[in-house]
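Residue numbers (my numbering), protein chains in the order written: chain L, 490 to 821; chain R, 273 to 535.
Don't take every hint at face value.
As the list claims (entries may be wrong) - Below, a list of computed lysine to any residue pairs in the SDA-like style, where the Cα atoms sit at most 25 angstroms apart:
#1 L:K580 with R:I530
#2 L:K644 with R:I530
#3 L:K641 with R:L346
#4 L:K616 with R:L274
#5 R:K282 with L:E621
#6 R:K507 with R:G494
#7 R:K521 with R:T405
#8 L:K816 with L:S792
#9 L:K665 with L:N625
#10 R:K364 with L:L626
#11 L:K616 with R:L367
#12 L:K580 with R:S293
#13 L:K651 with R:E365
#14 L:K681 with R:K521
#15 L:K812 with L:V797
#16 R:K282 with L:N625
#17 L:K612 with R:I530
#18 R:K528 with L:E494
#19 L:K696 with L:Y740
#20 R:K364 with L:E781
#21 L:K595 with R:L346
#22 L:K641 with R:I530
#23 L:K695 with L:E538
#24 R:K521 with L:T564
#25 R:K374 with L:P618
#26 L:K665 with L:I492
#27 R:K364 with L:R581
#28 R:K374 with L:L661
#29 L:K503 with R:I414
#30 L:K612 with R:L274
Everything labelled a hint here was simulated from the structure, so no lab data went into it.
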Amino acid sequence: MAIIEVENLVKTYKILQKQDGLIGYFKNLVRPKYKELTAVKGINFNIEEGELVGYIGENGAGKSTTIKMLTGLLTPTSGKIVVNGIVPYEKRIENNKSIGAVFGQKTQLWWDLPVIESFRLIKQMYKLPDGEYRKNLKKFTQILELEELLDKQVKNLSLGQKMRCEIAATFLHNPKIVYLDEPTIGLDVFVKENIRKFIKDINREKKTTVILTTHDLKDIEDVCNRIILLDQGEIIYDGDKQKFKDIYGKYVFAELVVSNKNGKLSDTITLNGCEIVEETEKSIKIKFNHEETTIMQILNTISNHCVVEDIHMREAELEDILKEIYKGAHKC
Amino acid sequence: MLRTIFALAKMHLNEHNIYKSNFYLFSFNRLIEVVVYIFVWQAIYYQTGDAGGFTLSQMITYYILVVSINPIVLWGINEDMGHSIRTGRINKELLNPISYFKYYFGMNLGEIAFAVIVGIAVFVVCAIFWGVTLPVSFLNFIIFLVLILLGIPITFFLQMIAGTVGFYSGSIWGIQILRKAVISIFAGVIAPITLFPAWFQALSNYLPFQELIYTPINIWIGEFDMSQIVFVLIKQVIWIVILYIIAKKFFEHAVKKITINGG
């Protein structure tokens, strides 16, 4: 039985269309015009306990809307959501007891008080037993390096410090499901790594289900084992991360350092299964498909027109794949 | 549940403790206020030989009690709630495992605890300066306390109603001022209610506000007709129920608005 079931989920917003000027102002008062915007268009997915799911998509793809519906903060226009056996928007508080959530940089910690006091309140609110609380606190303090932060006022913490505390606060009551909406935004590499490690550790130990939205694909690469890719309110890929890369990531990128080049190569030659991405006097950047051609064939053709001095090659990363998909190069 | 509410109250009180100067500033403010009121009524008394039907010492006690009690009645979590709506922090608060009402009721208790501390400090200082008349009997003092306690849920629900307006208007500044003004007039802060027109007094008899400050003080100084006490107590309980229902329904409506339109 899946811990999260989503069926034909639709969310349509009514947006007030503001009309300009003084006359427009009165028109707004008397007969406001609404425009309908469908943010989520009938999506389906099931998530099993203990999965680490990367929920990705461009800005405005409907990620946050979905997360808000899963937490019960938004009521769907139509469709079914069952989280942990509960319909979240009907029994929000019941649902709240077994989830945790981070929304960007909005904090649940008490601004003026030392961090530890917010933790104590969480313990009290979720009725967490003493032993469990102490065990979690000790573990989290160690992984997230909170030792020196606990007695500091939240307002005196830096962004990275605050986020580490926030993450700890979110996992403190042993939630079954955690929604992380852009938890690493604006953080430096070390803090990001720290947080990723923490998420993986807790998942391994407690089978916490984590749903992560992020624009930093390293987060996904490092943490998640499943990807749900959303585009304009529709799911265009749902499945294993590695398979995703296998299917869409056949591309290899290569940068050739050349000399004695005559004119623009892209004008004079045609390469099968290879595309010239960028070309300057001394270098050519190409992208080609494994299955259609090889680097030797390409070099053979190119070396007729210039001298190739050096080659750098790299496999397509998640980011490249997504760029391709958003450009519409793939039909999923 | 009770322990969670007390934990929230303690947190909120601790927030006040962080800014120790607040205590001195707020208390000093109260003292200035009481000095102004007392000077005005002394002037009136020496010119007319009457202080609104009270003796001068009763009037001084009246105002000392007014400034000591009115933080309990007027302060609260309204600003916090407005802030929570404006910044979107409410989304996080709606994900708490306890209801938004209980969460804020807890914080409100913390605010009231702070108001009581300020109130007692002001009362003691004033008592030393001007002298106050003590409650006419121990029973009167107990009833005085009961009415003050009954006022706590009433002012809390009023704040929730005012705060909920913020969902629709985006700002609670205006409604806040209105709330404070209505309470100040009807509770007898501006002047004892006996000085107002008869129709105003009749209206006020059915509203819950005069029992927040005016009636308890009259009980303290022995100017209250005790045969009325049962009516007053029942009235307050009925108002608590009415305001609770209004606040709850109104708030649920507002939350539905957020959950359907995304705020």
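>> Given the hinted pair K696 (chain L) and Y740 (chain L), is their Cα-Cα distance within 25 angstroms?
In response: Cα-Cα ~35 angstroms, so violated.
>> Given the hinted pair K503 (chain L) and I414 (chain R), is their Cα-Cα distance within 25 angstroms?
In response: violated, 55 angstroms
>> Holds or violated: K580 (chain L) and I530 (chain R), Cα atoms, limit 25 angstroms.
In response: holds, 16 angstroms
> Taken at face value, is the distance from the CA of I530 (chain R) to the CA of K641 (chain L) at most 25 angstroms?
Replying inline: violated, 34 angstroms
> Is the hinted pair K612 (chain L) and L274 (chain R) satisfied, with a Cα-Cα distance of at most 25 angstroms?
Replying inline: Roughly 14 angstroms separates the two Cα atoms, so the pair holds.
> Within a Cα-Cα threshold of 25 angstroms, do K364 (chain R) and L626 (chain L) meet the stated pairing?
Replying inline: Roughly 21 angstroms separates the two Cα atoms, so the pair holds.
> Taking 25 angstroms as the top limit, are the C-alpha atoms of K528 (chain R) and E494 (chain L) close enough?
Replying inline: holds, 23 angstroms
> Holds or violated: K812 (chain L) with V797 (chain L), Cα cutoff 25 angstroms?
Replying inline: violated, 28 angstroms
>> K374 (chain R) and L661 (chain L) were given as a pair; does the straight-line alpha-carbon distance stay at or below 25 angstroms?
In response: Holds. K374 (chain R) to L661 (chain L) sits at ~21 angstroms (cutoff 25 angstroms).
> Under the criterion that the straight-line Cα-Cα distance not exceed 25 angstroms, is the pair K364 (chain R), E781 (chain L) satisfied?
Replying inline: Outside the cut-off at roughly 51 angstroms; violated.
> When you check the alpha-carbon spacing of K616 (chain L) and L367 (chain R), does it fall within 25 angstroms?
Replying inline: The hint holds at about 15 angstroms.
> Between K282 (chain R) and E621 (chain L), does the CA-CA distance stay at or below 25 angstroms?
Replying inline: holds, 23 angstroms
The structure fails hints 2, 3, 7, 8, 12, 14, 15, 17, 19, 20, 21, 22 and 29 (numbered hints given earlier, in ascending order).
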